[in-house]
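Undergrad: The listed protein sequences derive, respectively, from chains A and B.
The numbering used here applies: residue 1 is where the first sequence begins, and numbers increase by one.
The numbering used here applies: residue 1 is where the second sequence begins, and numbers increase by one.
Calculated from the structure, these hints are not laboratory results.
Given the structure is predicted, the values throughout are model-derived calculations rather than measurements.
Where hints are given, some of them may not hold.
Only pairs whose alpha carbons sit at most 27 Å apart, straight line, appear in this in silico DSS-like list of lysine-lysine [as the list claims (entries may be wrong)]: (1) Lys-501/A - Lys-829/B; (2) Lys-897/B - Lys-501/A; (3) Lys-829/B - Lys-186/A; (4) Lys-186/A - Lys-934/B; (5) Lys-897/B - Lys-35/A; (6) Lys-187/A - Lys-934/B; (7) Lys-628/B - Lys-39/A; (8) Lys-934/B - Lys-501/A; (9) Lys-39/A - Lys-934/B; (10) Lys-501/A - Lys-780/B; (11) Lys-186/A - Lys-897/B; (12) Lys-829/B - Lys-187/A; (13) Lys-39/A - Lys-829/B; (14) Lys-560/B - Lys-35/A.
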Amino acid sequence: MKSEYLTKYKTSKAWGMFGYALGISLLFLLGGCSKLDEKPDSSVLTGNYFTNRASVETAVTGAYSWLGSTSTQHYLWGYLIDDSRSDDSYSAGNSKEITNLEYFNMATDNFEPIFRAWSDCYKGIGSCNLVLDNIGQVTDPALTDALRNQYIGEAKFLRAFHYFNLVRLYGGVPLVLSTVDPDINKKRSSADDVYASIQADLMDAENKLPVTYPNMTGGHSKATQGAAQALLAKVYAQQLKWQDCLNECNKVLPGKFGGTGTAGYDLLAAYDNLFDNHHWGNVETIFEVMHQSGSYGTFAPGLLIPNGLTDDQTWTKFIAPSHSLINAYKNAGDTVRFKTNIIFQNVTTAAHPWPFAANEAIPFVWKCGRELQGWSSNQNTIFLRLADIVLLKAEAMNQTSQTTQAVLLVNQIRNRANLAPIVVTSQSDVALAILNERRLEMAFEGDRLYSLIRFGGAQYTIDAIKQQKDGSNNSLASFYNLLTADRLLYPIPQKELDVNKNLTQNPGY
Amino acid sequence: MLLIAYYATNRLQSWSLTKKLLLIMKFTAFILLVACMQVSARGRAQNVSISVSNTSIKKVFQEVKKQTGYDFFYDKNDLQRAGTVSLKLNNVPLDEALRQCLKNQPLTYTIIEKTIIVRKKEDEKNDDEVTLPLNSQPVTNYSIITGHVTDSKNKPLNGASVTIKGSQVMTSTDAAGSFKIPIASSDAVLVVSYVGYTSREIPVKNNNDLQIVLQEANSEMNQVVVIGYGTQKAKDITSAVSTLPVSDIKNRPISLVADAMMGKATGVQVLQPSGKPGGDFTVLVRGMSSVTGGSQPLYVVDGVIVSNVSYIDPANIESISVLKDAAAAGIYGAAGSTNGVVLIKTKQGVKGKARVDANVYYGQQQLAKKLPVLNNTQLKDLLHDVATNGGQPVPDISQYLGNNNDWQDLVYRKAPMMGVNLSTSGGGEKGNFYAGIGYVSQSGIAITSDYKRYSAKLAVDQEVTSWMKFGADVNYRRTVSHDVPDNNNGRFGGFVAAALTAPMYGPIKDSNGYYASIPLSSGILNPLGDIYQRNTVNTVNGLMGNANLQINLPLSITYKSIFGVQLDNMVSSYFMDPTKTTQAASINGQGGYFTTELIRYTWDNTLNYSKRFNDHNINFVVGSSYIKNSTVSSAQEARNFVNGVTRLAGASTWMTNSTSSDAWQSMSYFGRLQYDYKGKYLASASLRQDGSSRFGINNKHALFPAVSLGWRLSSESFIQRLNFFDDLKLRASWGVTGNTPTNSYPSYSQLSVGANYPYDGSAMSNGVVLSNLAGNPDLKWEHTNQYNIGIDLAIFNHRLGFTADYYNKRTHDLIFLRSLPLSTGQSYKYVNIPDAYIQNSGIEFSLNGKPVENKNFTWSSNFNVSFNKNIVQNLSDADIIYDGSILLLNATTSITKSGYALGSFYGYVSNGVDPKTGDMKFQDLDHNGVIDSKDRTVIGSPQPKAYYGFSNEFSYKNFSLNVLIDGVQGNKVFNATKLELTYMSDYSNQSTDVLGRWKQSNDASSLPRAVYGDPTGNARISSRYLEDGSFLRLRNVTLGYNLPKAFCEKIKVSGVSFYGGLQNLFVLTKYSGYSPDLNAGNSSTTVQGFDLGTYPKYKSVTVGANIQL
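Just chain A, with the same shape it has in the complex (with noise of 0.2 Å):
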């Protein structure tokens, strides 16, 4: 055997010598050749992009993509589910989470409402502060003054926007307004605090956004100056500052609403074409959302119109307009609206939701959407609009004591849908008529809890809801034995306690 070996390594000493060479150096060479360095190629390295004004304007884009985006639920569907905890619908389906939101029992864990309304706002606001941490740096000449002050006056806005809701659902939130704040784990701040900043960053949305911007025929879809100003109005609204709301309700309404605006909004013509899908981009949006049918449309139809007019024969709904509701359109002998926000079925192959009658017929919410598309409608959802503001501007009115002025606006807001005016008694009866009018207007708008709150207080709203009754007329107040003045507020969700050991848990939960 040594012999062979022997043998072998006298013919192959050189090419010997030769393998050891490579062998060794393949061995040892290779790991300097690499660094073991593999960066991202889908994504962007956040250290290193904000560099020209279009990087910028990706990040305002992707800042507005929260508002509708199919993994935005909030904004999505769970803004109209809100409503359900109001008196002006029901949850209608087999959804335990929408019925524990009606009958506010929510439970702090495990609660994707509260949880996705929590993380959408705070996800949305991440993306504002994106933008106004990185677009100082930017030196690119393509982003002009004129620019650069309105993709903040976009930034400031939305993340007022977020604020605002986040404030109406939890009250006071922890305010982070950078990317890099090093306080992960913050405190909440007072509800008057997220006001404040909310307030401040409205402000200065109003003197950067500019007015109108070119083709937006498809709709409102931008911040513009007058959505700075509308927004800002209800916040003061919802303050009870209003002074501040009439003052800048002014700045939003043209003359003939007693205003000084020159945006040039108007309330359209006829009511249905709000939101029928085929009006987008009218004089009465302020601000809405774009849904595109594919790529980025919204599924909220097919949670909400009858079975029998869409193609998807499983799903039972999401909401269900309530006989409050109902009723106060046929008090009101309202039909134009009526017509627009609610439509009745018959359904049989469905299971009865339970406040109707056996043979009742069952109402659907018709305002929201009408064309399923494959659950991808390209129906936009309208967040500000004039009508509002009208509404808004008379409640002010009435509540700083200029209720004849008051009802001269609701009566604009009647005149549309084709009703009498109403006349001036007291000032308490106007206030009343307004919230009644808010209600019939503003349906499924995200409005209505917020409306009674800011009208009569928590324990107004709690009476307005314990009252309802169902289809044969029996009281539901005893479904609704959880709702407290706390329970209006939503718990903050136990999973971000669980991460954030500095956050408290809101009373009653």
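Fit chain B to the supplied structure of chain A, relying on the hints for placement.
TA: Just chain B now, with coordinates in the frame of chain A:
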């Protein structure tokens, strides 16, 4: 070289260990001494001339040997006791010379033929010392016989022991396999034995030059086991390595490698989460050790780390070994070796006559078990109760009662399967080849589902020069499978649950010819509609290959380089046919086309030094390993198809259109030293430095050491003298392995693209947003420390083998996808949790036996059982993972939290039904008088306490019978299918169990009342749905028949065998669902034992044939 020793055994057993060791050392020294003397036994002069002064007797003996050719036998201890001698002899006879030499020494001598036996004088005998065994025998009767021991290939066996039966005389062979031994008479019988070979008894008779051939013992210990970067004989292994028997593959309808691994080895648990044809298996080696790093072992095929092994046709497998402990897996250091390493060697050509093998089988499968559901009459009664108790109008189903559709019968079918494998191999002096092609076609037991695989393999090996060898191995596969929707959402998605919850009154099609929706049924899908609506085809084209070069360098060093490439093209496409359902019609069809191209190359270079210095055996490996893995994926989805077109070309509304990529690389250096002394004392140590691109810049690299020690007691004389153990070895090991996150870029803060927005409602604008994942540049390796101690033994001439191992495996620095406060705008961050760990500890027993072995009948058997305990510790509440979602309740079933096994079940503790109200009672764990979410607790573990396998092979003449049984014990299964089938809170169909529901006050029932909407939460996640998941499964029974050899010769083939088998014939279990081992969580570590509408399992019958040309 002649080594002869004399033993005295009678007193040894009472010796202390120190004495034993002392003796071992003394004896070792003696052997060394003798070995160093070159002895020539050729005839020489009988007279001796010596002139020495103060010289050791040993030297004198050497001189005598030189002059006479006589050999000396002595104990070196005796010689050490002797003093020096001074002699002056001139040509005196040998006898005289010896007498002179040993004068005044405590020694005496005897000459037997040409051997001189030197021993102590009788009165010098001492208890502590080795004595000559010949004392009672008249020494003059001895004669010396010689012999030669070889293996079956005529290779001399060095160190084989030769003993005279009934005496203590023993010798061992030299390097040439030769021995000499003194015998008392020609009746003597020699016992010849050698480690790893079957001992033989040889009557000496009148032979003087015995030619003895030992057959290699057919035992595990002698197998060459593939280990990391090399091979090792099983007997030398000091770590925990399981070699899986694969001989049964050719007689079983196995299409995937993991299937062949089931029940075969301790510490290796193979789970088949669904019965889907071609469905993925989960292989767990010693439990689940990581949450985010995955639970799958590292697969190494022919030396190349590959990402999956589904490309392998099991028929091409030569061996599978599983490296279980850190000492074995440690050389792979990282990248999943924490979960064990599965080494697969595929067949290569062998020298000799070319051979052709053909294997073909055909079989039929059917649903193993059908679940009973309500008929229309029973359902009508239930619906009445549901509605009435819930204050709802009673749904009127009378108009549908004409339908009576048993959806299970409509959905499941008897499904054929078949497989063909053809291979040819051969080789000459310099090279060999292996070529094989295979085809597997398996229809699923659910309509439309199937799996087909076409595969081909070519392997060549060529000795280019006397010192260089080149080899290449190429594998190709194409798999095509038609998938059906199961799992996920239970009744809201997936035909399995739908086939149970859809009422029998539901029509199949509606008046438009579409698959009808189920009337009044709370969102239950039409199972046929669900299947036919979406036609999913998955295609994979895969090429796997390697080229390897081996160069023998001087100084016994071998250089080996393996370059491996894996290329997978995966396409998944679906089409929702607008002619099938209303939903599909409303969007004019929808289609998707998703591709992933994976390319991975690996380059491993090793230098191997292997050398035996006398009794010291050294093997040293150093090497480097590089992997680069890249994938590029694309996704296209669109709707609105032109009538009749099923490809995206015919679509007009785009939903998704994107590509993305992902890449990672790793670079490692490693070394391993294996050492043994006489095969008796074994040690191994390895060190690996691993770097991965997946970690933060500061922590890319980590070191993974491992050591192991072994002691082969059976090579010790005091064990050998017991004459009981054929093999006895103790092993101990410790080592560290590592794991990486599955995400490729966890260290970078990124912006996600694709957050687009249609400002004007038509065209999308590009948008970026913060990614959900926050980057962590400090992320480092997950470490697993593992201890292992084990014992291997074989007795009864290797007919019974036993292996036991204890291990403790702890994963530290857990890589965790930690939830961030959402107020940061991001959701997660990969972090190391330094305090938390996951521990798997357990014991494993394996018993191999040949209870019967004779000419006509043999029975060989393996029983293995493994006990594993998995626990997560020190995990903070913020890092708790909830998983296992049930959409019906919007609730989760599983929790991963400190103090419990991964994926434990979490919910309320059910106290049965309140006979008064008919509602479920739950335990108020916090005693606050309210049942709320704080009353949830861990209610069970999905992880078995034990799992086992029992395989048997019987052969009687030309018949063979294989029986494989496997099972698990002591785990719980969450029967979410049962939850949906006993919900009784909506208008779906239910299990016949609900016939025994609570109906009126004082009913004693285990099922609550039926009530619409479940207002009291009877269905909440609770122990009510936990069932014992223990089972014993008769996985396979195969009866085979080999055509007689004579007949084969007549028809000019080497062999023909036929076989018939039954798979999954029965399962012994208390579980009430389809099968206790279904898991909707697939290979997830945080969702296990979760039965939610998973594709059920089948039983099958197969027939097949093997032909060898």
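Undergrad: Is it true that the CA of Lys-829/B sits at most 27 Å from the CA of Lys-186/A?
TA: 17 Å, holds
Undergrad: Is the hinted pair Lys-501/A and Lys-780/B satisfied, with a Cα-Cα distance of at most 27 Å?
TA: 26 Å, holds
Undergrad: Between Lys-628/B and Lys-39/A, does the CA-CA distance stay at or below 27 Å?
TA: The hint holds at about 13 Å.
Undergrad: Take a quick look at whether Lys-829/B and Lys-187/A sit within 27 Å of each other, Cα to Cα.
TA: Since the Cα atoms of Lys-829/B and Lys-187/A sit roughly 20 Å apart, the hinted pair holds (cutoff 27 Å).
Undergrad: Hinted pair, alpha-carbon criterion (27 Å max): Lys-897/B, Lys-35/A. Please report holds or violated.
TA: 37 Å, violated
Undergrad: For the pair supplied as a hint, Lys-897/B and Lys-501/A, confirm whether the alpha-carbon distance does not exceed 27 Å.
TA: Roughly 18 Å separates the two Cα atoms, so the pair holds.
Undergrad: Does the alpha-carbon distance linking Lys-39/A and Lys-829/B stay inside the 27 Å limit?
TA: Since the Cα atoms of Lys-39/A and Lys-829/B sit roughly 17 Å apart, the hinted pair holds (cutoff 27 Å).
Undergrad: Given the hinted pair Lys-186/A and Lys-934/B, is their Cα-Cα distance within 27 Å?
TA: OK: Lys-186/A and Lys-934/B at ~26 Å, within 27 Å.
Undergrad: Does the alpha-carbon distance linking Lys-560/B and Lys-35/A stay inside the 27 Å limit?
TA: Distance ~24 Å between Lys-560/B and Lys-35/A Cα, so the pair holds.
Undergrad: Can you confirm whether the C-alpha distance between Lys-187/A and Lys-934/B stays at or below 27 Å?
TA: 25 Å, holds
Undergrad: Given the hint that Lys-501/A pairs with Lys-829/B, does the C-alpha gap stay at or below 27 Å?
TA: The given pair, whose Cα atoms are some 17 Å apart, holds under the 27 Å limit.
Undergrad: Holds or violated: Lys-186/A and Lys-897/B, Cα atoms, limit 27 Å.
TA: Within the cut-off at roughly 25 Å; holds.
Consistency note: the structure conflicts with the earlier hints numbered 5 and 9.
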